[in-house]
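Participant: Could you put the whole structure together from the sequences, leaning on the hints where they help?
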Amino acid sequence: MESVAHEPTQAGESPSPRLEIRTVSKRFDAVVALRDVSFTIAPGELHALIGENGAGKSTLVAIVTGLQEADSGAVLLDGETVQFRDPKQARRAGVAAVYQDPNLFPHLSVAENIFAGEHPTRRGQVDKRAMREQATSLLARLGFDIDVDQAVAGLTVAEAQFVEIARAISTDLKILILDEPTSALTPGEAVRLYDVVARLKAEGTSIIWISHRMEEIRHLADTITVLRDGQHVRTASADDLDDDAMIRLMVGRSVVLTPVPRQTPLGPVRLSVRNLSLDGVFDDVSFDVHAGEIVGVAGLVGSGRTEIARAIFGADPAGSGEIVVDGTPVRALSPRQMARRGVVYLPEDRDAEGVISTISVARNIALPSTAALSTFGLMHPSRERRIAREQKAALSIKAEIDHPVSSLSGGNRQKVALARWLATKPAVLLLDEPTHGIDVGTKAQVHDIMRDLAREQGLAILMISSDLPEVVAVSDRVLVMARGLLVADLDIVDATQEAIIAAATRSASLTGDVA
Amino acid sequence: MSLVRLARQYSWELLLVVLILAAGAWATTLSPFYLEAAQILGSAQYFAIFGILAFGLMTVVIQGEIDISLASTLAVGSVTFAQLATNGFPVVVATVIVLALCATLGAINGVLVAYANLPSLAVTLGTLGAYRGLAYIIGGEAGFTGLPESYTYLGSHLLGIVPASLLVFLLLAAATAVLMAATPFGRYSYAIGNSSPASAMAGVPVKRVRVGAYVVAALTAGIGSLLWIGQYFSARADNADGSILFILTAVVLGGVSIKGGKGTVVGVLLAVLLLGVLSNGMGLANFPGSSQTLILGALLIVSIGLPNGVVRLRSSLSRRQRAATAARLVTDDDARARSPG
Amino acid sequence: SGSSDEPAAGNETSAAAADVSIFMAPKFTGLAYFEVARAGGERAGEELGIDFQYVGSDEPDATAQVQTLENSITQKPSALVVSAIDGGAVSPSLKKAMDAGIVVVTYDADAEVDARDIFVNQLSYELAASTMLDAALLNDPEGGKIAFVSASPTAPNHTAHVKIMKELIDTDPAYSALSYIDTVQFAGDDEQKSFDIAVNLMQDPDLKFIISSSAATVPAAAQAVVAQGRQGEVYATGFALPSSMKEFVADGSVKAFALWDPAELGYVATMAANQLVTGEITSEEGQVVKAGDAGDFTVGADGELLYDKPLVFTAENIDEYDF
Amino acid sequence: MSRTGSIALRVRFLGVVVFLLLLVAAFALVSPQFLTVSNGRTILFTAAILVVAVAGQTIVVLTGNLDLSVGSIMGFTAYVVYDVSSGSPGLQAAVVPLALVVGAVLGWLNGFLVAVLEIPSIVATLGTLAVYRGATAVYADSGQVTSGMIPGWVKSVSTGTVAGIPYYVLIAAAVVALVGWVLSSLPWGRRIYAYGSNPRAARFFGLDPTRIVIGAYVAAGMIAALAGLMLGGQVGVIGSLLANGYEIQVLAAAVIGGVSIWGGSGSVVGAALGAVVLATINNGLVQQQVQEYYRLLIQGVTIILAVGVDAVVQRRVTGINRRRRIMEVAK
Ligand SMILES: Nc1ncnc2c1ncn2[C@@H]1O[C@H](COP(=O)(O)OP(=O)(O)OP(=O)(O)O)[C@@H](O)[C@H]1O
Ligand SMILES: Nc1ncnc2c1ncn2[C@@H]1O[C@H](COP(=O)(O)OP(=O)(O)OP(=O)(O)O)[C@@H](O)[C@H]1O
Ligand SMILES: [Mg+2]
Ligand SMILES: [Mg+2]
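Residue numbers (the numbering used here), protein chains in the order written: chain A, 1 to 515; chain B, 516 to 856; chain C, 857 to 1179; chain D, 1180 to 1510.
Hints are not guaranteed to be accurate.
[Stated by the list, open to error] Straight-line C-alpha distance at most 16 Å; calculated EDC-like pairs for lysine to aspartate or glutamate:
1. C:K1165 with C:E982
2. C:K932 with B:E551
3. B:K774 with D:E1297
[Claimed, not checked] Chain B side only, calculated, beta carbon under 10 Å to chain C, not exhaustive:
4. P663
5. S665
6. Y668
7. H672
8. S772
The hints are simulated quantities; they were obtained by calculation from the structure and are not laboratory data.
In this text, a Cβ means the ideal position worked out from N, Cα and C, and glycines have one as well.
Facilitator: Right under this line is the structure:
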């Protein structure tokens, strides 16, 4: 089953492909995830795989690494058909992947997470020393210096991502597949990953890189394959495709993020935050958001942006400081109370916190409005459904309102998460990575909705985003955070991507003065 | 089309109905005494108490938690009620006191689970013992017999051939059904059971609703204790000891997911009926107790496991088949995938 | 009691022995003591040529016994022979049975007086108490400190036994060598709990006897004495089946304990039930139950029939018994 | 270079130790004979079987499952093995391997129901709790296994001591040491922790959930069977209800010992200490002549206190963790 063939490889064009996908199809009930997909990957090549959400990219990864079985078609490694039983077998054959969602063991140490399932042993026992040493050196290779004995539960998302990457590169690799590896990383961390990938490439490893970030793909890729609706659209050298061409291939039309200049003046201050501090997390943060304004919050991952939003929303215990909503000081005690005062929050982790995936779209949308939808302790199902239908139309959600949210695509789930809050007619929207992992088409739609909410309906919007082009295109003003401090408040005319990155990183090197 | 969807949505309930009919038929062949209205109703009343507790436990389990202390709460209720009766309290006052006391015990469970964030199995494992101890302290060692008639009315009265306790059971079934299907509490419960962090982020008062479920459950135990006194004309601190296993069986058999988020009152009602019919039939046929235990245990395993087993078997068979013919059928498969359908 | 005139109504159909059916319901099934009693009931059934059924749940639980009784009543047996797990809780069902014309006899553990026709009492509480104390003194005539272990605080006979034993020790000069720990421990007819409690009790260096009315507790406690190497210092005694104690009597770690013959008790109870069914006797005081080789017994006040044949087992006689 | 993960575990573990010490101190204050070597031995002796049983349960709980059938497995094994072997001296010598086979089979069935048929473990083992108990009663057919039917060597082990320490205590210590070593040092043990920590991630690591869960149940079944043999040998008379309701004690010990009900964390030594805590409470209360029903109350409160302490410790640890991270970045 497994191939053992080894041939000398060199970067660039090679007559015999390292990996060949041959007419692979995969179907989930009615949904065709992949249909007759064929393309090849040369040794030592960085092959970008792009496509809208649901195009079938992750499904392809699952099939190549043995997590799922194709309905038909074949995968060839170095010319031989392979069908791995599980990812472990794939790794033994030199095919490893970093999957889209983190898959780690929170109670176990970093070192054990890297070696779980394949512990180094000595005389049948786990060799803990060797494990620790190897883990440390692997992480060092990634330019990461964390204590490998600490539990993964305490890590940040980015750190966890690096643990996964360390795990993937812990074996000799022919092919490394990275499924949206930078979506949780800061630009600086991403650059480190680019270096690692470059090094692996130089060693002859082929890389499959899946990403929604265009600039990244342009920067890295040798070859690009575009999938659309489960079908192979085109494989071409990176030089032959510009951004516009890629986007057209992905969505069948061209989408560009362009700022839309505001026509209306700003309203009064709706949300005012004064001297907000939470010990060890963020310190002395003050800002205002006006009616009709979209304020972007940029900064490195881990700089405390999400924590501030959660503190304002009452999701996490607030520290000291003052929050004023529409002129009234409030204490952020719980999401429920803040929602009642018109402050709502769209969480970062949509599936774990944003929606309740097993209940229907209608009930999800109505959930925060439940109290308003009942009289004398009894619900009004008809009103419930009416609200759901209204929101479905307003946000053009593509789903039946009786279907469970779990059957929706990512973008539509995000719209449902937003719809629930819009149904409560909020005053202040806190959006945390609202377009994370959403394809370009839907992204633009979400941006339009945000502008409409702010400019037409007078909401105050605070948008946390790691996607700088988005921040620049959508915001009226940009706040920059670095390690818990608000380090810059840039008007949109000054807020270029370069200026934001400069603010976020400059202050990171000055931390000694503050701490 | 919608009928098919309805059938699929309520497939578990349908299965239970079929099982009940089958069990009834079996019971009829087992014993000539089975098929008689008075007999069936009479025996059903002995499942009323546990059925009522099953509705209470259900509200907790739908939220993804568990309460194994309910039987102990019932004992606290019954000895308190009897103690009050012995001391000459009017029945109405005593009823209020008992329900309030039980609600308090439930609230303690709820607060420990919801506010102190402790795992519910561990908490109620603790209160399972603690409340039993409390029952002994309130009720003394010997317990009570010979209670005044006014106190035993609810559990012993017959309306024609229909025992009053059975009516209470059905009434509470209806009340719980409304609670779970048509009130904010119900909406919140299912949401919490599916994901409590996500519910909290949606402004659901998770902690209060959690405590609410434990209070509802404890109230069913309180009502159960009132019925108990009527049915058994006595109260002792060891009342209902160990019955939580039966109650949990009814809840699970009723299609309530032990992981939360799923389950209906109708399902639990049907499960109680099924268990009642089976043990009534086997009892009338004088099956040895141990065989009955064995059969009910096997029923639980088979009914929950069989559907999964069939799915597993089917998928593994089809996989094997596919693997065997994979190479040859690649092109055929493609053709099928392409064909409209 | 109340039903003295009712058997007549049921009797018309029960002239032929073949029509008589007697159901015996122990507290719960699976306990050796009741199984021995069942054998006695079965023997009576065979001798009489009647239908004998043994019914019960394996859960030591009052609600389970009530369901057993309810299911039995539906089948309209001629008589129920019951050991009540909870006298209060099962009485409503037993009354219902009597109302339906079914004869109710309790054995081993009584229900309420008006919920049965006759109670076949193995041993009066007084005799039980003194028998156990006598057995203790047979183990060590010098006496010493006693710890009592009962099944549960809700077991009425166990509670009564302990109470009377305490009174006897306090008042009767014959037992003046004995003293006791006031607190009673409860082991729930469970071997493992009995064992642990016994071990813990033995930490008291002055302890001489562990006495229990539970046939599950005494052998486990005897085993605990052996396990702790305290043979000759502590004695486990009370009521137990000889088959479960042979070892300890053989090795001398227990010198004496007591019981009655549960098989004969079951036999007598079944015989009494049959004679009530056939109308040979009523439950009135002074009536005589003829129980074959077991002898004749007279019904006392409140329909109580005292079997009262304590057996004290020692190394000399234990091999004569096969239960 | 702090090691928060292991610190967390150590602190949790210390929680049990501290609680035990407090308990001992409290009893010692009110009772002079409590703090004696012989009483200490007694406590360990009465804890021994529970320690063995909870060691098996720990393996299952670490995978995020439960084994409610533990008491039924103990009763079934003790009854059937001693009954079958009572006639033959050859079999009497082999009761331990026999029991291990029986336990493995019963445990395998539990594992099959949970892992293959995907029945939630609490439901599956609630079912087998009834089935195994019913099977014991049907097999026993109202009989009992009496002291004479139990092999002599078993009885002498149950009562014997070496250097003043009961064999049972040594067996319990050996089982805990073995299970502890397996869990911490063998790849199989690490896989149990990994699986319990995040079952969904397991397949990404090539960990076969079916094999892990079935393996855990088989191991737990075998250990329960051993505990059953020990219990049978100890009490001498075995009815079909032996160890009925034991699951509550076992779970209580595990919870008090800091084994997380949701899997992935906890240690077998902690669980064993949980069993010792329970034995200490029983011992102290019996000696204090406290009435039985206060024991129920006190045990219940102890369980809640234990999980409470556990939760506080865990929250503290994650709190420290978070702050440390921020500080490190700030440095
Ligand atoms: N386990 C599954 N069951 C049912 N449908 C699935 C499953 N996995 C994927 N799908 C569906 O298959 C299609 C392809 O999904 P896939 O995850 O491969 O997309 P993707 O290109 O990785 O998208 P994204 O950019 O959002 O990660 C989608 O329609 C998806 O909903
Ligand atoms: N787990 C799943 N099971 C069944 N169907 C699914 C599942 N996930 C997604 N689908 C369905 O697959 C289809 C395609 O998903 P996809 O992500 O491509 O949607 P989409 O139209 O691109 O939405 P968006 O762009 O807004 O994310 C959708 O109709 C979705 O409902
Ligand atoms: Mg899409
Ligand atoms: Mg994907």
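Participant: A separate judgement is required for each hint: does it hold in the structure or not?
Facilitator: Here is how each hint holds up against the structure:
1. Proximity of C:K1165 to C:E982 is assessed by CA-CA distance (about 13 Å); at most 16 Å being required, the pair is judged to hold.
2. About 14 Å separates the Cα atoms of C:K932 and B:E551, which keeps this hinted pair within 16 Å; it holds.
3. The hinted pair formed by B:K774 and D:E1297 meets the criterion: a straight-line CA distance of about 12 Å does not exceed 16 Å.
4. Against a cut-off of 10 Å between C-beta atoms, the interface hint on B:P663 is violated, since the closest Cβ of chain C lies about 14 Å away.
5. Evaluation of the B:S665 hint against chain C yields a violated restraint, the C-beta minimum of about 16 Å exceeding 10 Å.
6. The beta carbon of B:Y668 comes no nearer than 13 Å to any beta carbon in chain C, farther than 10 Å, and the hint placing it at the interface is violated.
7. A distance limit of 10 Å between C-beta atoms decides the matter here; for B:H672 the minimum to chain C is near 13 Å, and the interface restraint is violated.
8. Checking B:S772 against chain C: minimum C-beta separation of about 27 Å lies over 10 Å; hint violated.
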